[in-house]
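Produce the entire structure from the sequences given, and follow the hints as far as they go.
With the numbering used here applied, the first sequence corresponds to residues 121 to 623, in that order.
Treat the hints with care, as some may be off.
[What the hints assert, rightly or not] Distance condition first, Cα-Cα at most 27 Å in a straight line; then the derived DSSO-like pairs of lysine-lysine:
id: 1; residue 1: LYS358; residue 2: LYS589
id: 2; residue 1: LYS202; residue 2: LYS157
id: 3; residue 1: LYS358; residue 2: LYS182
id: 4; residue 1: LYS384; residue 2: LYS358
id: 5; residue 1: LYS513; residue 2: LYS346
id: 6; residue 1: LYS601; residue 2: LYS346
id: 7; residue 1: LYS128; residue 2: LYS472
id: 8; residue 1: LYS258; residue 2: LYS384
id: 9; residue 1: LYS420; residue 2: LYS202
id: 10; residue 1: LYS449; residue 2: LYS420
id: 11; residue 1: LYS128; residue 2: LYS147
id: 12; residue 1: LYS537; residue 2: LYS472
id: 13; residue 1: LYS182; residue 2: LYS258
id: 14; residue 1: LYS561; residue 2: LYS589
id: 15; residue 1: LYS182; residue 2: LYS513
id: 16; residue 1: LYS420; residue 2: LYS384
id: 17; residue 1: LYS513; residue 2: LYS358
Worth flagging that the hints you see were computed from the coordinates, not collected in a lab.
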Amino acid sequence: MAKERDEKAVTPRSEDYSQWYQDIVLKAEMADYSPVKGCMVIRPNGYALWENMQRALDSMFKATGHVNAYFPIFIPMSFLSKEAEHVEGFAKECAVVTHHRLGAAPGGGVQPDPDSLLEEPLVVRPTSETIMYAMYAKWIKSYRDLPLLLNQWANIVRWEMRTRLFLRTTEFLWQEGHTAHATHEEAWEEVMRILDIYRRFAEEWMAVPVLTGVKSDSEKFAGALKTTCIEAMMQDGKALQSGTSHDLGQNFAKAFDVKFQDEKGGWQYCWQTSWGVSTRLIGALIMAHSDDQGLVIPPKLAATQAVIVPIYRDDAGRAKVLEVAARLKADFAAAGLGVVLDDRENLSPGFKYNEWELKGVPVRIEIGPRDVEQGVCVAVPRVATRELREGEKRQKETLPLASCVGALKSLLDDLQKALFARALKFREEHSYRADDYSAFKQDIEKGGFFYAHWCGSAACEDKVKEETKATIRCIPFDGEKEEGRCFVCGAPSQQRVVWARAY
RNA sequence: CGGGGCGUGGCGCAGCCUGGUAGCGCACCUGCUUUGGGAGCAGGGAGUCGUAGGUUCAAAUCCUAUCGCCCCGACCA
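Here it is as structure tokens:
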């Protein structure tokens with residue numbers, strides 16, 4: 121029995137965190153490996169989550185004046201080399217299209233037709249700054265054309281050496297916003313406006329608390345003046361960069377000649393921003409909330425908020441229970457809740473409980489003959505929203521059928537809050553002040569965020585990375601000014617920065 | 001690109017060392033009994049053992065080559 125259970129269950133986090141993560145993704149049917157190395161198939165359970173994320177983010181972008189557009193997946197190779205830093209940052213991971221036709225191969229099968237060699241190879245976009253700004257140069261002529269606030273939802277390709285489901289795959293889905301402004305101030309406001317949207321999305325929808333801050337120079341986006349980010353802590357104490365918003369200054373504007381005539385008739389280069397979040401957020405969500413039972417999805421992002429599991433002994437009882445269950449389902453659906461009635465036969469209720477827990481459905485509703493008799497049902501949140509009472513193994517709430525919809529809604533609400541609170545508590549319990557570098561070298565092994573003084577030099581940063589694998593995750597915006605000394609070299613420092621090992 | 005591991009019914013594995021013509025669990029199909037935390041019994045279908053060579057009377061097993069995938073590290077969202 122124990123062995124059978126092992127086969128169905130996920131590997132416990134304590135045993136092998138990385139295997140646990142993989143098990144969750146595969147067994148909850150979020151994604152699967154594809155025939156192409158490094159690429160994954162996002163299955164309906166995973167894609168539904170992405171769609172809900174898209175919907176929430178997209179409406180926040182729209183509410184702040186952004187509009188969607190779509191640019192080509194192929195970029196002329198020469199575009200990549202127009203901005204020096206940018207090409208250096210991405211050259212190593214670009215897929216290149218060199219032919220436009222297949223022909224018969226000598227040994228059978230097909231091969232690229234040598235006669236179809238492209239004059240200029242095309243790069244599969246690793247990000248779209250270059251091709252978008254080539255167009256911006258064409259569209260922007262006057263200060264009246266600014267600001268230009270575009271976003272696109274797209275797939276991109278980065279040929280990574282090592283991939284992990286959702287966290288880093290060769291192809292992934294994301295949104296990339298690209299804006300052009302008349303002044304640096306406006307551009308910077310945009311950078312911060314978007315970062316705040318990302319923070320709010322992470323905290324309010326994903327229930328994942330994030331730090332916001334600026335990247336050190338060595339961690340910033342290739343071609344940017346400044347990169348701001350949201351950083352989340354995973355349950356193994358590692359950091360996950362979950363979104364970035366870049367101040368591009370005029371670097372790309374100069375490279376692509378994106379300029380406008382101001383009120384006085386003079387020509388000026390635009391100030392630009394770019395920002396993005398990707399399907400990596402799904403990885404963040406999994407690693408922030410899920411447990412050894414399986415996936416945990418916050419109610420606000422779940423496609424299915426509740427699953428109803430009917431319980432019965434015989435045909436008569438079955439009919440009665442299913443009738444009530446169906447009515448309950450209709451009531452939930454009418455209230456705008458995603459609900460599934462699991463009326464599959466020959467599967468025991470216990471089996472269904474485990475399966476839906478594995479898939480992360482926020483609330484399970486049990487309804488059996490006893491409940492029908494008393495006009496109630498039993499609601500079980502995926503994660504407890506309150507302290508368990510004496511003798512209580514898991515939180516089960518008995519809800520009168522009459523007021524069930526409202527009760528479920530508030531239970532979902534409580535769950536959303538509980539998940540955030542739990543994640544925040546976890547982060548706080550794994551955040552430390554580090555003043556002594558040699559102690560830090562020991563402590564970093566256990567994971568967590570370490571707030572330490574840093575002199576600002578890349579040399580100290582490199583040394584730490586070399587010796588501990590930890591990097592500066594961000595220079596937090598809300599960090600207090602505090603006189604101190606770099607914990608590596610002892611030079612003066614005005615503020616603590618956040619160090620951690622990262623994905 | 002280094003280090004490790006793995007390719008055997010749909011999934012997870014055993015068998016390989018010591019060659020003898022493929023087995024277990026789960027899943028699936030049928031029937032009956034079941035259903036408040038992963039149900040039981042009976043019957044059934046399904047695998048050219050990653051690929052290509054070689055050794056041998058005989059290869060999942062030994063030898064050689066090759067392909068692929070996963071994990072860990074260096075690069076990155």
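Verification of the hints:
A hinted pair counts as satisfied when its Cα atoms are at most 27 Å apart, and LYS358 with LYS589 qualifies at roughly 11 Å. Restraint check: the Cα-Cα separation between LYS202 and LYS157 comes to about 30 Å, which exceeds 27 Å; the hinted pair is violated. Under the criterion of a C-alpha separation no larger than 27 Å, the hint pairing LYS358 with LYS182 is inconsistent with the structure, at around 33 Å. Among the hinted pairs, LYS384 with LYS358 is inconsistent with the structure: their alpha-carbon atoms are about 52 Å apart, more than 27 Å.
Restraint check for LYS513 and LYS346: not satisfied, since their Cα atoms lie roughly 50 Å apart, outside the 27 Å limit. For the given pair, LYS601 sits about 20 Å from LYS346 by alpha-carbon distance, which is consistent with the 27 Å threshold. Only pairs whose Cα atoms come within 27 Å are accepted, and LYS128 paired with LYS472 is accepted, the gap being roughly 13 Å. For the given pair, LYS258 sits about 21 Å from LYS384 by alpha-carbon distance, which is consistent with the 27 Å threshold.
For the proposed pair LYS420 and LYS202, the alpha carbon gap of about 43 Å is over 27 Å, so the pair is violated. Proposed proximity of LYS449 and LYS420 is supported: the alpha carbons are some 18 Å apart, at most 27 Å. For the hint pairing LYS128 with LYS147, the CA-to-CA distance comes to about 8 Å; that is within 27 Å, so the pair holds. Our distance criterion of 27 Å between C-alpha atoms is met by LYS537 and LYS472, whose separation comes to about 26 Å.
Taking the CA atoms of LYS182 and LYS258, the gap is near 24 Å; set against the 27 Å cutoff, the hint holds. Under the criterion of a C-alpha separation no larger than 27 Å, the hint pairing LYS561 with LYS589 is consistent with the structure, at around 10 Å. A threshold of 27 Å between alpha carbons decides the hint, and for LYS182 with LYS513 the separation of about 45 Å lies outside it, so the pair is violated. The straight-line distance between the Cα atoms of LYS420 and LYS384 is roughly 49 Å, outside the 27 Å bound, and the hint therefore fails.
Pair hint LYS513 plus LYS358 does not hold up; C-alpha atoms about 30 Å apart against a cutoff of 27 Å.
In summary, the structure is inconsistent with hints 2, 3, 4, 5, 9, 15, 16 and 17 from the numbered list given earlier, while agreeing with the others.
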